[in-house]
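Student: Throw the hints in and build the complete structure from the sequences for me.
Chains as they are written, first to last, in our numbering: chain U, 1 to 266; chain R, 1 to 266; chain F, 1 to 266.
Please keep in mind that the hints were generated in silico from the structure rather than gathered at the bench.
Hints are supplied without guarantee of correctness; some may be wrong.
Identical chains share a label here; the pair holds if one copy fits it or two copies do between them.
[Stated by the list, open to error] Quick list of in silico lysine-lysine cross-link-like pairs, PhoX-like style, CA-CA up to 20 Å:
| hint | residue 1 | residue 2 |
| --- | --- | --- |
| 1 | Lys16 | Lys142 |
| 2 | Lys16 | Lys210 |
| 3 | Lys15 | Lys142 |
| 4 | Lys154 | Lys108 |
Each chain, written out:
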Amino acid sequence: MNQRCADIFALIREKKPLVHHITNIVVANDNANAMLAIGALPVMASSQMEVEEMTGQSDALVLNLGTPTPEIVESCFLAGKKANQRGIPVVLDPVGAGATHFRTQTVKNLLSEIKISILRGNPGEIAALFNEPGTMRGVDTKRTLQTPMILAQKASLYYRTVVAVTGKIDYISDGQRIFSVHNGHHWLTVVTGTGCMASSLCGAFAAVEKDHGLSSAAALGFLGVSAEIARKNATGPGSFHYALFDAMYNMDIETFASSLHIEVEA
Amino acid sequence: MNQRCADIFALIREKKPLVHHITNIVVANDNANAMLAIGALPVMASSQMEVEEMTGQSDALVLNLGTPTPEIVESCFLAGKKANQRGIPVVLDPVGAGATHFRTQTVKNLLSEIKISILRGNPGEIAALFNEPGTMRGVDTKRTLQTPMILAQKASLYYRTVVAVTGKIDYISDGQRIFSVHNGHHWLTVVTGTGCMASSLCGAFAAVEKDHGLSSAAALGFLGVSAEIARKNATGPGSFHYALFDAMYNMDIETFASSLHIEVEA
Amino acid sequence: MNQRCADIFALIREKKPLVHHITNIVVANDNANAMLAIGALPVMASSQMEVEEMTGQSDALVLNLGTPTPEIVESCFLAGKKANQRGIPVVLDPVGAGATHFRTQTVKNLLSEIKISILRGNPGEIAALFNEPGTMRGVDTKRTLQTPMILAQKASLYYRTVVAVTGKIDYISDGQRIFSVHNGHHWLTVVTGTGCMASSLCGAFAAVEKDHGLSSAAALGFLGVSAEIARKNATGPGSFHYALFDAMYNMDIETFASSLHIEVEA
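Tutor: Structure, rendered in C-alpha cells:
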C-alpha cells in the first residue's frame with residue numbers, strides 16, 4: 001500500500017502531468033506552487049474563450065469554486081465536458097457548498113452534468129450536498145449529523161464518484177473501499193487554501209494512476225507527510241506555509257513510503 | 001487601555017468571528033491568512049449571486065477596493081446594505097481613492113449609501129475624499145495639505161464614522177477621541193497589502209467589540225506589535241512577510257498588552 | 001557594462017518609478033512585492049473604468065496575460081494606447097501564447113496595435129508568435145525549432161521591439177545587439193510567476209533607462225543575481241520564494257555590479 005502510493009508520486013516526477021486549474025483568487029498562487037513542488041505542471045485559465053482548448057491538452061482538470069462567478073461556473077461546465085470527452089480525470093472542490101445557494105446549486109449541477117472523478121471537500125461541504133442545513137460557517141464546517149467516514153461513503157454511492165472528506169483524519173471512499181489517512185498537522189487549518197492544495201494534489205496524482213481511490217489516498221497522505229516535515233522546520237503558520245513547499249519538493253520517495261499512515265477497509 | 005485592547009484580542013480567539021471579505025486579487029491570500037492567524041474565520045465571496053447570503057451569516061464585512069470592477073462595486077453595495085440591515089460592522093478600505101475617478105467616486109458613493117463603521121486608509125486616500133487633488137501616486141500617498149491626525153478627525157466628523165489613517169503613527173478618530181498608535185515597523189511599507197491586512201484586522205476586532213474607535217486602535221496596535229516581533233525574526237521583507245503570520249499566531253495576550261503603545265486624547 | 005546596469009538599479013531606488021500592472025490572479029502579489037523590494041511602486045488596476053487614468057500617471061506599463069478574459073484584454077489595449085501617447089515604456093508578457101488561440105491572437109493583436117517596448121517570454125511563447133505549432137505545454141515551453149538566441153533576434157527584427165527570451169541563459173535582442181545573461185538558479189523554475197516577476201522588473205528598469213536592451217539585461221541580471229543569493233539562504237522553493245524578496249531588498253549596488261555575468265554581441 002505505502003509502496004504503491006510512493007510509486008504514484010514517483011510517476012508524477014517522471015511524467016510531469018499538466019494540471020489545468022479553474023481556481024480562485026485566494027489560492028491560485030499556492031495551487032500552482034504545490035504543482036511545481038511535486039514535479040507537475042500547473043496551468044491556470046478560466047475564460048470561456050480558452051478553457052476547452054486548455055483542458056484539451058491537459059492530463060487532469062481541477063475545478064475549484066473558491067470565488068465563483070457565473071462566468072467561472074460556465075467555464076467549469078465547458079472544461080468539464082471537454083475533460084469527459086477526453087477521458088482525463090476531473091477533481092471538484094466544492095468550496096463553501098452549503099454556505100450559499102449559489103455554491104450548493106452549482107456543485108450539484110456540476111455533479112449532475114459532468115462526470116466527476118474525485119469530489120474533495122470538508123465534512124460540512126459534503127453534508128450540504130445532501131441538503132443538510134446549517135453545516136457550514138463560511139467555508140468551514142460548522143457541524144454535521146454524520147461522521148466524515150459515513151459522509152464519504154454515502155456521497156460516493158450517491159454521486160458514483162470517489163469522495164474524499166478531509167479533516168483530522170481524511171476518509172476516501174470509492175464506493176467499495178474506505179481509505180483513512182492519518183498523516184497531517186493541525187497547522188494545515190491555520191493556512192488558507194490547504195484544502196484547495198489537497199484537491200490540486202488529487203488532480204496530479206489522478207493524472208498518473210487510474211485507481212482514483214488509491215491515488216487520492218496517496219495525494220492526501222503526501223500532503224499529510226509534507227505537513228509533518230514542514231512542522232519541524234516552522235515556528236508558526238507563516239513559516240509552515242513555505243516550509244510545506246520545501247517539504248514537497250525535497251520529499252524522498254523512501255521517506256514518503258515509510259511515513260505514510262493509511263488504512264483500508266473493503 | 002492596553003488591557004482592554006488585549007481583552008478584545010482574547011475575545012476573537014474565543015468567538016472566532018466570521019469575516020466576509022470582498023477583496024482584491026493582490027492580497028486575498030494574505031487577508032485570509034491574517035484572519036486565520038488571529039483565530040478568526042475568513043470567507044471571500046464577491047459575486048452578486050451570493051454576497052448578500054454570505055454577509056447574512058457573517059460577523060463583520062470588509063470592503064476592499066484594491067482591484068475594483070463594476071461587478072465588484074455592485075457586490076459591495078449589496079453586501080453593505082445587508083450588513084447594515086443586520087447591524088454588523090462594515091470596514092471600508094478605499095484603496096487608491098484619489099488615483100482614479102472611478103475609485104474616488106465609488107468610495108464616496110459607498111460612504112453615502114452604506115453606513116460604514118470604520119474607514120481605514122492612508123493619508124492620501126482620506127484627503128482625496130475631500131476633493132484635494134494630487135494626494136496619490138498609484139495606491140501610495142504623495143502629499144496632503146493636512147496632517148494625518150487632522151485628516152482622521154475631519155473625515156470622522158464629516159462622514160460620521162470611525163476613521164483610521166495609517167502611517168508611521170496611526171491615528172484613529174471616532175469624532176470625539178483621537179487614538180494614536182505608535183507600534184509598527186517600516187518594513188510594513190515594503191510588503192504589499194499590509195494596509196489591507198490592517199483593514200481585515202479592524203473587521204475582526206470590530207466583530208467582537210462595539211466601541212469601534214477602541215477596537216480599531218487595538219487592531220492597528222496588534223499589527224504594529226506583530227510587526228515589531230516579526231522584524232526580529234526576519235532578514236528582509238520576504239521573510240518579514242511570513243514572520244508576520246507567525247507573530248500574529250503566537251501572540252501572547254500579556255506580551256501584546258505590555259508592548260502596546262497607544263495614546264488617547266478626548 | 002556591469003556598472004551601467006548597477007547605475008540603472010540605483011536610479012530605481014532614487015526615482016521610485018510607478019509601474020502600472022494589468023496582471024493575473026496567480027502572481028499579482030509577487031509582482032507587487034518584487035516592485036516594492038527594489039524600491040519601485042506597484043499599482044494594479046485592470047478595469048476599463050480606470051486603466052487609462054492609472055496609466056496616465058505611471059512611469060511604465062506591464063501587460064501580463066496570465067489569466068486573460070475579454071475584459072482584461074480590452075483594458076490592455078486601452079492602457080497600452082495611453083502609454084504610447086505618453087511615451088512611457090510598455091512591457092508585454094505573452095503568458096501561454098501558443099497554448100490557446102485566444103492567447104496567441106491576443107498577443108499578436110497587441111503587438112500590432114500597441115507599440116510594445118519590451119516583449120518578455122519563454123522560448124515556446126516567442127516561437128508561437130511565428131505560428132510554430134506545438135511549442136507549448138500549458139504555460140511552459142515544450143520544444144522550439146530554433147534556439148532562444150535566434151528567437152530573440154528574429155522576434156526583435158520582425159516585431160521591431162526589444163525581445164527577451166528567458167531560460168537557463170536569458171537572451172535579449174534589440175535588433176542590433178544580443179545580450180546574454182548568465183545569472184540565475186534553476187529554482188526559479190520551481191516557483192510560479194518568476195517569469196512574470198522578470199517582466200515586472202523589465203518594466204521598472206525601463207522606466208528609468210531609455211536603452212531598453214540594456215535596461216532589460218540589467219533587469220534579468222538583477223533577478224538572476226538575486227536568485228543566486230536567495231539560493232544560499234533557502235532549503236527549497238518555498239523558502240527560496242521569500243528569500244528572493246529579501247535578496248532584492250538587501251541588494252548592495254557593488255555586489256550587484258560585481259556578480260553580474262552579461263555578455264554582449266553587436
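Student: Run every hint past the structure and note whether it holds.
Tutor: Here is how each hint holds up against the structure:
no.: 1; hint: Lys16 / Lys142; verdict: between (38 Å within a copy, 12 Å between copies)
no.: 2; hint: Lys16 / Lys210; verdict: within (16 Å within a copy, 41 Å between copies)
no.: 3; hint: Lys15 / Lys142; verdict: between (40 Å within a copy, 13 Å between copies)
no.: 4; hint: Lys154 / Lys108; verdict: within (15 Å within a copy, 51 Å between copies)
The structure fails none of the hints (numbered hints given earlier).
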